[in-house]
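What follows is the residue order along each chain.
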Amino acid sequence: MIAAVTWVTFLEGLRNRAVYGITLLASLMMVFTVLLSSMIMQDVGKVATDLALSTATFAALLVVMFVNINILAKDLERKTIYLALSRAVPRSHYILARFLGLGLLLGLVVLLLLCASLATIQIVRQMYPSYFGMVSLWLVAVAHLSIFLQMLLLTSLSMLFSMVASSSFVTFLLTIVSWLIGSSTQEVKRLVESSELSQIAPVTKMVVKAAYYLFPNLALFDLKTNAAHGIPIHLSQLGFAVLYGVGYATAVLSLTVIIFRRKELT
Amino acid sequence: MRSKFSFVPWITGSVALIVYLICLPLAVVERPRHEQLFALPPKLLRIVAFQFKEAAADMSFLNASVFLGGTTPQHDTRRYLPQQYSWMYNTLKNSVALDPYFLDPYYLMNSALIWDRYKQDEVNELIAKGADKRTWDSLLPFYAGFNYYYFLNNADKSFTYLTEASKRSGGNPFYDSLAARVAYKANKTEFAISYLENQIQQADLHGQRGKTRDLERRLEVLKAIRRIEIAAESYRKLFGKPPGTVSELIKSSLLLSLPSDPYGGSFYIDQDGSIKTTSNMTSVKKEK
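Chains A and B supply the protein sequences, listed in that same order. Just so it is clear: in the first sequence, position 37 is 37 by our numbering, and no numbers are missing. Just so it is clear: in the second sequence, position 10 is 10 by our numbering, and no numbers are missing.
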């Protein structure tokens, strides 16, 4: 039954027109990357890699925000959830299957984005072979994998928010705020703890620390600099990031299941 | 009714298009100059750039690059206005704060700010930091080393970065030669000699003997200078005063013969007591 719901979720995502719009946007941005590279003096390969990976992050984020959230919200708002639950699918299985289906969709989108990124970077390499720098195509692929993990984590958070929020718009807002905080929490914590800002109130420091532990540290999954400059990543660093992501997502999904079990569907 | 007014949207659409095309070139908002020259503090920028720091660094660099290309320096001084330099400095500083590994902003800083003598200390400090970050690159340590010596009169740091440039480039004789020259200028002749000897030995070990001809010539002249320095030091101890000329050293038998300068110059004792050559370590005659 889990496999069936997973597959249905995946197909539902594919049928969503937003996916095609996002793919078109990503393609246009990749073309823009090639055009922009001609304006760079030395580090052409680095700029092409930055822009390709930024495009991939942005497009994957749009998929989470406009496709994944929509699918879940539709379930609850249009009561299509009864179709599955009436067939005696346990609620925990339903959440897991939905998550796996959305993960499958994200996996496909990120794979397409990886192909587009590699093609863009290769085109730039052909155009400016002497200015390609230290770009590592292997690390570009790893960076895409970390984008995928990051978006899976965000999807799990969006599922939690959809259980507690009254509408899909609120879920959208909570998810985007989580992404924004999660992307900068490490930087803010470092700034607040630095000796330069000793005049900061202890309460502010505590709030920042709380946010650091509460929200996912998404900067861990940002490997653009490594890929663009060929800076190697230690396996332990990557392993810890994966473990952190899996741990956080599992905790959030478990909480989602607990809330969903107690939720009265009217 | 429908057929009678069906042409209305076509007319309104066409009129609106004409109005749009006429207004487009006129509808440019000219922002005041000081507003255009605003740059955010780098630490704040790192936070608000979220996961797009690298793309923001690229845009920051492009912003400065386009500004530089589209702005004409003042006619009389051939320099930009102070606030324009300040904006360029802040924008490029932002770019390297967002991505400290990005080469282009350092490159632009070096050509547009250092050579225009704007905040050379701070700018070269940034270039040196970039050199420390980009551990595979020999260009930035060369820039930093060159600027430390040529503009900032800091031979010690210059020597450090030039030797680093040589190391990273796999022993480029150009960097080695500059480093030895800088060490000599900083009154560290012995240091320069041992550095060059080591570099030549390394080149030998890597089967690159052919590339070291210039280094050997520089080593030869430095060794000659060192011999005269030692003799001058002994002269000072013996007579309690520094020698006025090199021939005084020969007359007092502290120097057996006058060493020859492979660059074709002749050695002399400068007013500050340092040993120099008229060739200034560059060829003054054609080699046979």
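Do not rely on the hints blindly, as some may be mistaken.
[Unchecked claim] Capping the alpha-carbon separation at 20 Å, the derived lysine to any residue pairs in SDA-like fashion look like this:
1) B:K188 / B:W136
2) B:K251 / B:G240
3) A:K189 / B:G240
4) B:K43 / A:R190
5) B:K133 / A:Q42
6) A:K209 / B:K43
7) B:K43 / A:Q42
Just so you know, these hints were derived from the structure itself, not from any lab.
**OP:** Kindly indicate which numbered hints from before are broken by the structure, ordering the numbers from low to high.
**Re:** 1, 3 and 7
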